[in-house]
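A.B. asks: Residues per chain are reported as follows:
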Amino acid sequence: MTARARVFDYVFLVAGLWLTWVLIFEWAGPEALSPPGATLQRMGDYLTSAQFWPHAAATGLAFAYACIVALIGGLLLGLALGANRLAGQVGEPILSSLYSIPKITLYPVILLVFGLGISAKVAFGALHGIFPVALFALGALRNTSPVLIKTARVLRLAPVETARTVLLPAALPEIVTGLRIGFSATLLGTLIGELFASDQGLGFMLIRAMEAHKVLDIMALTLLLFAFAVSANALLLVVERRVHRR
Amino acid sequence: MIRVRIFQLGLVCAAIVALELLCRLGTIDRFTMIPPSEMTRALAHVVATAPWFWPDVAYTLGNLVAAIGLSVLGGFLIGVVVHAIPRLRRVLDPILTSYYAVPTFVLYPLLIVFFGIGPTSLIVLGALFGIVAMIVATVTAIDRIPRVLLKVARVSRLGPVRTALLMKLPAASPHLMTGLRLAVAYSVIGIIAGEFILSTEGIGRRVALAYNNFDNQTMYGLLVLILAFAIALNAALGAFEQALHRRWYRS
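First to last, the sequence lines map onto chains A and B.
Mapping the first sequence onto our numbering, position 244 (from 1) lands on 244, and the numbers just tick up by one.
In short: position in the second sequence from 1, add 1000, done, that's our numbering.
The hints are simulated quantities; they were obtained by calculation from the structure and are not laboratory data.
Please note that a few of the clues may not be correct.
Using C-beta positions, here's what the derived DEER-type ranges look like [unchecked claim]:
#1 A/A83 <-> B/A1243: 43 to 53 Å
#2 A/A83 <-> B/A1232: 27 to 37 Å
#3 A/D45 <-> B/H1045: 51 to 61 Å
#4 A/L23 <-> B/R1024: 56 to 66 Å
#5 A/E26 <-> B/R1087: 57 to 67 Å
#6 A/R153 <-> B/L1009: 28 to 38 Å
#7 A/R153 <-> B/I1085: 33 to 43 Å
#8 B/R1247 <-> A/R164: 31 to 41 Å
#9 B/I1016 <-> A/R156: 23 to 33 Å
Facing chain B, according to a computed beta carbon distance under 7 Å, are these residues of chain A, among others [stated by the list, open to error]:
#10 C67
#11 S97
#12 P102
#13 I104
#14 L112
#15 G115
#16 S119
#17 L191
#18 T222
#19 L223
#20 N233
To give an idea of the chain B side of the interface with chain A (calculated C-beta under 8 Å), a few residues [as the list claims (entries may be wrong)]:
#21 T1032
#22 V1113
#23 G1116
Just so it is clear, the structure is predicted and the values come from calculations on it, not from any experiment.
We put the CB at the ideal spot given by N, CA and C, even for glycine.
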């Protein structure tokens, strides 16, 4: 596909989204939705206003901690379970059940355990992100082609050498996919955490706007969060595709 | 396989017993968590005595069925259309790949303005959560139909309808099943989360209410119910999916 065709695709996409937005706005009215132009303007106001950045920093800090816990914890868990065949078979269904439960119902439990504040947000974010990371790491090790493992044995590689030169490179693409999905899930969890019990952060700003029914503020914040999530995801996708192609 | 199941059962039982001991010994205090044995007793109590239990279960399940139906059927149809028009697929690709990276639930207040507080916004939210997984799975499933099957269909002079029903649908079914399982899981999450945040009825709402009233007994009882339901549903669909995959790829 040529670069020009791709640019056209993006133009179509943006134009289509814009048109949908305008049509829904026309249909639903300003009670439900704010028009695109005003929303973008409010977004710009936020980015230049002084009270916005402390909230963004609070969210960023909680998200960063949650990411560290979820990504490193998930990797360790997944690799540890994936290294042993039996442990993998036992752990995989348990992890996938934990992944599929509606974690929002556990929110009261998290609050009771961690109290209000940043630790609850971090815990809730990490709870969302850790399972996909672990599942993908586990799957990556389990699906390593048996030929590679046999080759390592024939070459008489020590276990550490096998892990470093054979298993890790073979599993890397899947692991990166897991990290990307874990990243998004952690962001989701952190934001939900802020939505309910918090006195700062973007989630808190959002719930305050909801309670005051300021449609323009809700839309502008939503759009900001969408833009952040989509661009972070796109960046990670580029990395992921590069790793997969190798 | 039996050994794996025994280990799994042992692990889950050990975790529950450990939790029970920690609660009984007071390491976890009663205001934080009640012992698992009391959770099940509280659930039994709620089922037996609470007048709202069955109506709320029916409300949640009804919404769930509607959301799953919408997301699976709608996702399948949209997936077929998207696959049939390559241009559309390329244009929509960024949306499909980043959809689950976006916190969709922030749209919930807007849905309420559209559809009002009530089942419709919940169903739409649940369906919105699940539908993209089904679209992506449908597109993948059609991609993965072996070419040779289509040639066999042509050689056998099957019409388009019979090719679709006799060749394409069975060949695509394992991947469609994966989409179905994901759509169901996401719809469950969407419905329960929606009830939890902004609803006047339903089991998710009851959990939030119990939490607000410091009624740990009811809250943990209902949590056990919701988690058990989600896990059982996921396990059943997962087993069915694996059976389909095995049957299809055995040869």
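A.B. asks: If a hint holds in the structure, say so; if it doesn't, say that too.
C.D. replies: Here's how the hints hold up against the structure:
1. A/A83 <-> B/A1243: 43 to 53 Å: At roughly 28 Å between Cβ atoms, B/A1243 and A/A83 fall outside 43 to 53 Å, so the hint is violated.
2. A/A83 <-> B/A1232: 27 to 37 Å: This hint holds: roughly 30 Å between Cβ atoms.
3. A/D45 <-> B/H1045: 51 to 61 Å: holds, 53 Å
4. A/L23 <-> B/R1024: 56 to 66 Å: holds, 60 Å
5. A/E26 <-> B/R1087: 57 to 67 Å: violated, 27 Å
6. A/R153 <-> B/L1009: 28 to 38 Å: holds, 33 Å
7. A/R153 <-> B/I1085: 33 to 43 Å: violated, 49 Å
8. B/R1247 <-> A/R164: 31 to 41 Å: This hint holds: roughly 39 Å between Cβ atoms.
9. B/I1016 <-> A/R156: 23 to 33 Å: 45 Å Cβ-Cβ, so the 23 to 33 Å window is violated.
10. C67: Check failed: Cβ of A/C67 comes no nearer than 14 Å to chain B, outside 7 Å.
11. S97: For A/S97, the interface hint holds, since the closest Cβ of chain B sits about 4 Å away, which is under 7 Å.
12. P102: Interface hint status for A/P102: holds (4 Å vs cutoff 7 Å).
13. I104: holds, 4 Å
14. L112: holds, 5 Å
15. G115: violated, 10 Å
16. S119: violated, 14 Å
17. L191: holds, 5 Å
18. T222: holds, 5 Å
19. L223: Interface hint status for A/L223: violated (10 Å vs cutoff 7 Å).
20. N233: Nearest chain B Cβ about 4 Å off; hint holds.
21. T1032: With a closest approach of 5 Å, the B/T1032 hint holds.
22. V1113: With Cβ-Cβ at 4 Å, under 8 Å, it holds.
23. G1116: violated, 11 Å
Taken one by one, the earlier hints fail for this structure at numbers 1, 5, 7, 9, 10, 15, 16, 19, 23, listed in ascending order.
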